[in-house]
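Q: For reference, the chains in residue letters:
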Amino acid sequence: MIKFALQGLLARKLRTALTAIGVVLGVALISGTYVLTDSITSAFDSIFTQNYKNTDAAITGKNAIDASEDGTVPAPPFDAGLLAKVRGLPQVGAAGGAVSGEAQLIGKDGKSIVFGGAPNLGFSVDPTLPQFNSLTLVSGAWPAGDQVVIDTKTAKEKGFTTGDTIGVQARGAAEKMKISGLVEFGAVSSIGGATLAGFDLGTAQRLFDKTGKLDQILIATKSGTSEQQMLDAVRQILPTATQVRTADEQAKEDAAGTSSFLSFLQTFLLVFGGIALFVGSFVIANSLSITIAQRTREFATLRTLGASRRQILSTVVLEALVTGFVAAVAGLFLGLAIATGLFKLFDAVGFTLPNNGLVFRTRTIVVALIVGVVVTVLASLRPAWRATRVPPIAAVREGATLAPGRLNRYRPVGAALLAAGGIALVLVGLFADGLSTKTLLTLLGAGVLLLFIGIALFSSRLVRPLATVADPIARWSVVVLTALIWPFVLVPLWLVRRLFGRRTEFPGVLPDGPAVAIGGQNSRRDPHRTASTAAALMIGLALVTLVATLGAGLIRPFEQAVDGIFSADYAITAQNNFSPLPPPVAAEVAKVPGVQKVTSVRGGQAKAFGKTITITAVDPQAPELLTFDWRSGSQASLGELGTDGAIVDASYADTHALVLGSRFPMQTATGKTLQLQVKGVFRPPAGGSPFGNVTISTATFDATTSQPLNIYTFVNMSGGVTAANTATLNDALSTFPNAKALTRDEFKKAQTDSIKSILNVLYVLLALSVLVSLFGIVNTLVLTVFERTRELGMLRAIGLTRGQVKKMIRQESVITALIGAVIGIALGLLLASLLAARLDEISFTIPVAQLVIFAVVSVVVGIFAAIWPARRAAKLDPLEALQYE
Amino acid sequence: MEGTVTQVVEVVDAKDLVRVYGEGDTAVHALRGVGVRIEPGQLTAVMGPSGSGKSTLMHILAGLDRPTSGSVKIDGIEITTLGDDALTKLRRQHIGFIFQFFNLLPMLTARDNILLPLTIAGTKPDPEFFDNLVDRVGLADRLEHRPSELSGGQQQRVAIARALVSRPTVVFADEPTGNLDSRTSGEILKLMRSSVDEYGQTTVMVTHDAKAAAMADRVLYLADGEIVKETGRSNQHEILQIIDTLDLQ
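Which chain is which? The protein sequence lines are A and B, in order. Our numbering puts the first sequence at residues 1 to 885. Our numbering puts the second sequence at residues 886 to 1134.
Hints are computed from structural coordinates only; laboratory data are not their basis. Every residue gets a Cβ at the ideal spot worked out from N, C-alpha and C, and that includes glycine. Just so you know, not all the hints are guaranteed correct.
[Claimed, not checked] SDA-like cross-link-like pairs, simulated, lysine to any residue; straight-line CA separation at most 20 Å:
id	chain 1	residue 1	chain 2	residue 2
1	B	Lys974	A	Ala141
2	A	Lys108	A	Ile393
3	A	Lys3	B	Gly1007
4	B	Lys1009	A	Ser308
5	A	Lys13	B	Ser1033
6	B	Lys974	A	Phe115
7	B	Lys958	A	Ile393
8	A	Lys158	A	Phe115
9	B	Lys1009	A	Glu175
10	A	Lys252	A	Glu227
11	A	Lys3	B	Ala912
12	A	Lys178	A	Ala141
13	B	Lys974	A	Pro391
14	A	Lys3	B	Ala1006
15	A	Lys176	A	Thr162
16	B	Lys974	A	Gln311
17	A	Lys3	B	Pro991
18	A	Lys3	B	Ser1067
19	A	Lys13	B	Pro1010
20	A	Lys3	B	Asp898
21	B	Lys1009	A	Thr162
22	A	Lys85	A	Phe268
23	B	Lys974	A	Leu313
24	A	Lys3	B	Pro1010
25	B	Lys974	A	Lys85
26	A	Lys3	B	Leu1028
[Stated by the list, open to error] Listed next, the stretches of chain B that the computed footprint assigns to chain A, with coverage defined by at least 3 CB atoms under 8 Å from CB atoms of chain A:
id	segment
27	964-973
28	1081-1093
Pulled out of the complex, with its shape left as it was, chain B reads as follows (with noise of 0.2 Å):
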């Protein structure tokens, strides 16, 4: 594909990814020279056991860590080279975040949590899209809630709405069912793969749960700080077999 099709600029377009810790005889190599490129429209798995260099590899993509050596280009945006205050911009734009841990924010309301990327951006929801976004995570009669008042489920039907309602260029997860019972894992899985369908809402999921990965377009395996192998859409037990043949257990 490579230099046929040039016009299409890929979302995100990482490459040759380096990121150590610490210096000399106790440095540790996070990633040790991985390329990335995120299609549009896709809901794209990162795989790996816990050490692998998945999570590094997200905060890199999403511009929260900076690579030892490489780059990392969104929306044909070089970032690791950008100042603060053009990252932040950037984020308003291009990155939405659903986390392991929601992190709501305790006092505002549902809504309130919802709306704040574009309260932080300064600008207006387009009414008819939240009402849409809002139907679709089944939030409608739990707007004025406050997060304590919500199930885990909904904390986090609550964090992905967050994430779709500025329309970012990219959804990152990060293990967004890390912290769920597998029923309520199984919701919001769904929900995530429907924003990709209907919203076609492009999505990165770090994860290390094969019933999360097999939602994905594209399955991404990364062991030891290198991707390791690349699947299409598979099920849960194609999954299972690879990581049990690349010993990634």
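Isolated chain A, as found in the complex (with noise of 0.2 Å):
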């Protein structure tokens, strides 16, 4: 049976590479991102393991509070004398102190260099203390005072070699210094496409306003003395605030902001391919359903050789795992062309990922085949069990078909079940209260799986009238988009065809009525068949919509929120729209003639009733730049929190119990306790608070806090927004070429354009599994077609052309598509509307345009689906059709 079994797979190559190849694509890219982030892993590991190969001990500022890895609140600076102290100690054999902190390198066209949004690191280097030193020199000279070290990459793509002058800006004003040689980190010359600078301790110090501090000091083990004794030693001279870790821990540490980007990538990435794998297994269902209703006979004649249903069922699903197998084994090397791809887009883009080579762990294959085989396997069952109905009596019928179920009847109720316990899943996740994220989000997609589920076995009751209303407008659309391309492809085409000697029908635009009528008819006769394809295209769709109409929900609370709260004339934010900025680009904008009023939002952390939670801090400016929407207090006590009055959002005051006149305490990062006192509760405006849950004064907030920073900073001018208004700030500015001056409503897009692009991202992931449906729509078309050889022999007979028949194909094809995205934009919009008014940040807006364009891709789809098997059809001899068995 397993020879048969194989043989029939041999026997149907075609049809079992089209049924696969859903699995193909989603395995593919399920390995492509482990292969990917486990490369990405492996090298940051080697960069942070070389960071420390001749340490055995890292000393590092401690934060008070468990701040988290989002770059807001650095650890703090200490003392610069704790270095003298722990070189003296006799266990320690070597010591060196170093500062690190942002620094922009400024391009010979006056605009800071930046790769691909990757950071600018700048750090002090000894190289009296080479062993110490992570960077290594490639050609001219370690920095002397003043000077700069810089990376081959910025040095070779800048047009800067040793000896130029570049502008260097970190938390002051730029300056200008001399380039004193190129460097590599360790042996990879870019990391992520982070610029480097290097600077001697001094410099580096006065850059980084850390004069007399140090961020880190590495320490080697005097030899004859254990690691262990040194640490000891170190411990006991350790002042607060401070911390020390063996290298090991250390590199772990730093690695720890990128391992958890690259796990939440990672994530992020295999959702996307678990979908492309359902819509696949949605695929191979259809597929083996069909191909097993033509097989009737074949297993008929089997159970009338004696087979029994047992090893009817094992034949099916024997099939489906090898099929899987192979299409798993296909998807993982796939996946390493996929992550060679993702590397080369990434560094395209500038934003070089480091690599040291593929990491292609056991993991990769294990996880790989076993999600192919499972998924094959599972969406083999129903067809497999069909298969097993077959009653041997079949085998002497002629034309016998696949009777129904004895369970056919149930199947609506069945389906419908399923889409309510999908949409009730769905409801408990997201009106139930405290939830876990984890438990939140099974539930969701739990739900959502079921609700795809239900709704495609429902689909086929739709299919009739859908159709119908579907027929005149696939008719249309097709007309209306071969009418666009008709002078641009299809006359070329059939010139190019006329110039070779072939006799080709001149390209018609108009539809073919007898043809596409035919068409018509037979998307209804069969639908199952109709509504198991297009639940593949639904699902897609479902999708790209719930994308399409949450990012249109979001966008438009967002720029209310904007419009509500800012209104001021200029916005000054970095280049790349969201890093903050240091204080003195605001003071700068202070002192521009025309400047009426500044206020700055500094952002960080703080722990407050045993959490750490966001804060930020306003100055006395404030009220006349910013409006906050006033449970209590006013607008007046936003200028005058002095040191211990704070401001709260509504959501924070009614957890902790907050009001007027409360007191509270709050730790600060530096580990200072402030006694707070509520001056205002405001309520956070829908489309998200800019403002952390206890806003300060910023006299408060710059004497806790060790390195403040800016997350908006806020410009009145004279005159309002003018064009020179704008190239005075601008002006003003170019000493912080990291920084610029926006209008409100080019603030206003900046913000918007990250959600598009975010947008953009996860409708490239989705056209993955419109791709798959696509090739779910070919495979149904063409096992139609093997079966209704001997019908379309007929029609040829009577006189339809291989034009006709092409387009008899295609119309079906559209037909099926529409169906499927109709109901696809449905759920997506029920979707929506559920996450909607679950979600203050969202509001329900359907984004028209997008839908349009989502129907015409559908139809694009249905098209290009049907080319292929309309050739096939068009290619059938009427004669042998009809001969046929």
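Taking the hints as your guide, dock the two standalone chains into a single complex.
A: Structure, rendered in structure tokens:
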């Protein structure tokens, strides 16, 4: 029986390959994700390990609170005096101190050098202690005072060499420095496109505003002393707000930020691999159902020869097993190609990911194979079960078809129950209180999954009415699309063919009445098949619609929030629109003639009521440029926070029972505890609050923060927004090339653009699922052509031309795609409306333009899917087709 | 004969077979109380025009269909009440099939097609018998070919060898020559006749072809769901005459 199953597969190579393509693509994305993230992780690990190759232990500053790794709260520097004390310890062989921070390099065009949003790293180097130096000097010399070494990539791409002068900007205004040499980080020319700038310690301390301070002390144990003894000795002299870690621990700590990002990236990509596989499983189930219906007589014959139901079942499942395995192996290798491609892609956009060669871990292989095989086998179970229901007598009946299963009449009810169960899970996930994020996501995921399966099963009921409606739409949308490409593609193609002496019909635009009518009928003839085929596309479109609707729903309240809160003319932001800026930028702006008011919002973290929260700080100018929606307190209180005043948002106030006048302690990152008094409670706007849970005065914030940064700076100028004012502001900012002035509208657009670019990434990833469903339609059509060989022969014999056969099949394809699109879009809107009802940040807005685009894309998918099956059908020789069997 | 030879178990023993399709006014009576006994080692032909119920009779005798009422015993086992598993086991041991459209599996070679019943049952072929069988059906040099590379006659030979390979108690043939030209039909009928003579293979053949029925040891004539006549070995001319007188055309 095994042989039988395998030979059956070989005999149906094409059909099997088409069936498996969804699994190949899904597994490819999964294995590609693993290879990519594993490779990056391994490269980063080697970088971080390299950093500490001669180091036994590292001393760093310590935040008093458990700050999250978003970069707003770096560990505070500590007093440089510690270095001498450490060096004085008998257990210490060598110790070097270093500072680091963000250092912008400024290109010859006066703009700061950024490669694809990567960071701009700056640090001190100490050539006298080469063992602690992770930089390799490629050419030139180590920097003396007020000199800089830069990385080879920046030098090469921006045209700098040793001896040139380059602009450098850290905490203060930009200054010119001589490039003393070029360096690389270990042996890699670039880490994630980051620019490197190395200075001598004194220069670095000045640039980073850490004079007399250090960020890190690296220690090598004296020979003959154990690492433990050294650590013990160091701990004895450690001042508060510092800590010592072994080199391994420190490397792990350094890598923590990257690993949490990488694990997010990994999960994110895996989810889309999973979606593609889910869609793929629909394609498999559908293709297998059709194939099995076509093999009815074969199974019946086997039954008459004594095959048991179990043997039939295992034959089909075995076929699925082998198909799944082969598809998974193919996907695995395609995944390697995807990973390589992604590395190249990131490189092309300037975000060079560290890559020490692709890492192909056993886990990748195991997961890819298991997932591919399990998904395929699961998808095959229902068709396989149907195959066992083929009665032996079907062997003697001509044109035997698979009778509907006994459970068929319960199908609509079962499907409706599944869909209802799915919705119920989604509702519970969204509206039940106190669920952990994990439970919530699991509920949502499972609910949406059930909903899709339920609707897919139920939708056969909708096929006839939908197909009737879609028929004329398909007809005319094809006409319009054909007319659009007619002068550019069809006519030139025809000319080329004529030139090569081939006789072809002159391409027409108008639909072919009779052929299209038969195609329309065909789409209604087996509602189950049409529905299952459309279901794959439905899923993709539902998700795309969901994303588009949420995106639209996210952007509008966001814009309203900006409008409601900021009444200023200009905003000052970093070139990348989101990095915080050092306070001197705002100070520079304040000096500009014509500037009437400047206010800045600082951002950071602190700990209150046992939890780390985000905090913001405002200055006395705030009431004039920021407008809050007050529950208690007033605009005036915004400017009178003093040393102990605080403003809290409404939900935080509710959670901790805070009202006007309440007092509560808050511990800052540097360890100081502030006794705060509530001076106001505000309602954050629906589009998301740009403020932390607690807002204090800038003066208090700066007094308790090591290196304060502004997250927003707003400016009012006399005359408001004018071209002259914009130019004046940008002129003033030339010493801070990383900063730019945006009008309020530009600011809004810049903020929403980032949401839009995330949406675009989601569209690209979901396009993979749409691609899988396209193959699903191709597959169904090819199988249908196989099945209708005789009928096609008859149609050709009574006078249908090849062109008409093609149009007939295209019509069926486009109608199927439109059915998938309509149900998918409706489902997507339903899910979006549920999410919007739950989340204040999202308003339910139907993105009409996008939906129209999606519908057009579906028609195009239908047209493309029909190309190849239509060609096969048109190639059939009418005579042979009729002699079939 | 009834009651006298009690030890002899008929290969197939069917009584009072009634088969009604549909219900109420639209009910069609395909069989109206048919009794048949098939003796071992004989070739029995069931003749009758389209709609006479001959195919229904064969389907029920072979356990492919269930009668509305009545009983069918194969080798003494009542099959009308058997479950799917028991029926499957019975088919492996007792029943072989030859189909009008051959029903070969296109992806298997002739050899694998012939051996398929044994493969399914998980038993090993007797190499001597297999070689002998392949020789007899004249396929020795065609064993590695697939059905698409064989002529209609050759395909039906493969099907015959497949029906015989497990040496079943009875072989049912459903219009075995219905899809073949007359010369090939003659060869196939000779082959079936010789399998009865040389292997003692009990065979039941449904046909509307007088030439085929002329090969049989016994001919049953069916009309309107009833057996209207039974004859022993007859020639083609006699059979056609009977059909004429019975107005079965």
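Q: State for each hint whether it applies.
A: Status of the hints after comparison with the structure:
Among the hinted pairs, Lys974(B) with Ala141(A) is inconsistent with the structure: their alpha-carbon atoms are about 89 Å apart, more than 20 Å. In summary, the hint linking Lys108(A) to Ile393(A) is not supported, as the alpha carbons are separated by about 84 Å, beyond the 20 Å threshold. A hinted pair counts as satisfied when its Cα atoms are at most 20 Å apart, and Lys3(A) with Gly1007(B) qualifies at roughly 13 Å. The hinted pair formed by Lys1009(B) and Ser308(A) meets the criterion: a straight-line CA distance of about 18 Å does not exceed 20 Å.
Distance hint between Lys13(A) and Ser1033(B) is fulfilled; the C-alpha atoms sit about 17 Å from each other, no more than 20 Å. This hinted pair does not check out: Lys974(B) and Phe115(A) have alpha carbons roughly 73 Å apart, beyond 20 Å. For a cut-off of 20 Å, the pair hint linking Lys958(B) to Ile393(A) stands: about 19 Å separates their Cα positions. Only pairs whose Cα atoms come within 20 Å are accepted, and Lys158(A) paired with Phe115(A) is accepted, the gap being roughly 11 Å.
A hinted pair counts as satisfied when its Cα atoms are at most 20 Å apart, and Lys1009(B) with Glu175(A) does not qualify at roughly 91 Å. A threshold of 20 Å between alpha carbons decides the hint, and for Lys252(A) with Glu227(A) the separation of about 18 Å falls inside it, so the pair holds. With a C-alpha separation of about 45 Å, the suggested pair Lys3(A) and Ala912(B) falls outside the 20 Å cut-off, and the hint is violated. Using a Cα cut-off of 20 Å, the hinted pair Lys178(A) and Ala141(A) holds, with the two alpha carbons roughly 11 Å apart.
Distance hint between Lys974(B) and Pro391(A) is fulfilled; the C-alpha atoms sit about 15 Å from each other, no more than 20 Å. With a C-alpha separation of about 14 Å, the suggested pairing of Lys3(A) with Ala1006(B) holds against the 20 Å cut-off. Our distance criterion of 20 Å between C-alpha atoms is met by Lys176(A) and Thr162(A), whose separation comes to about 14 Å. As the CA atoms of Lys974(B) and Gln311(A) are separated by approximately 12 Å, the hinted pair is consistent with the 20 Å bound.
For the suggested pair Lys3(A) and Pro991(B), the alpha carbons sit about 13 Å apart, so the restraint of at most 20 Å is met. The hinted pair formed by Lys3(A) and Ser1067(B) fails the criterion: a straight-line CA distance of about 36 Å is larger than 20 Å. Between Lys13(A) and Pro1010(B) the alpha-carbon distance is near 30 Å, which puts this suggested pair outside the 20 Å criterion. Restraint check for Lys3(A) and Asp898(B): not satisfied, since their Cα atoms lie roughly 37 Å apart, outside the 20 Å limit.
For the proposed pair Lys1009(B) and Thr162(A), the alpha carbon gap of about 84 Å is over 20 Å, so the pair is violated. Note on Lys85(A) and Phe268(A): the hinted pairing is violated, with a Cα-Cα distance of about 47 Å set against a maximum of 20 Å. Annotation: proposed proximity of Lys974(B) to Leu313(A) holds, straight-line Cα distance about 17 Å (limit 20 Å). With a C-alpha separation of about 16 Å, the suggested pair Lys3(A) and Pro1010(B) falls inside the 20 Å cut-off, and the hint holds.
About 91 Å separates the Cα atoms of Lys974(B) and Lys85(A), which puts this hinted pair outside 20 Å; it is violated. Distance check on the hinted pair: Lys3(A) and Leu1028(B) sit about 17 Å apart at the alpha-carbon level, within 20 Å; holds. For the segment 964-973 of chain B, the stated coverage by chain A holds: 3 residues have a C-beta nearer than 8 Å to a C-beta of that chain, and at least 3 were required. Counting residues of the segment 1081-1093 of chain B whose CB lies closer than 8 Å to any CB of chain A gives 0, which falls below the minimum of 3, so the coverage claim is violated.
When held up to the earlier numbered hints, the structure conflicts with 1, 2, 6, 9, 11, 18, 19, 20, 21, 22, 25, 28 and fits the remainder.
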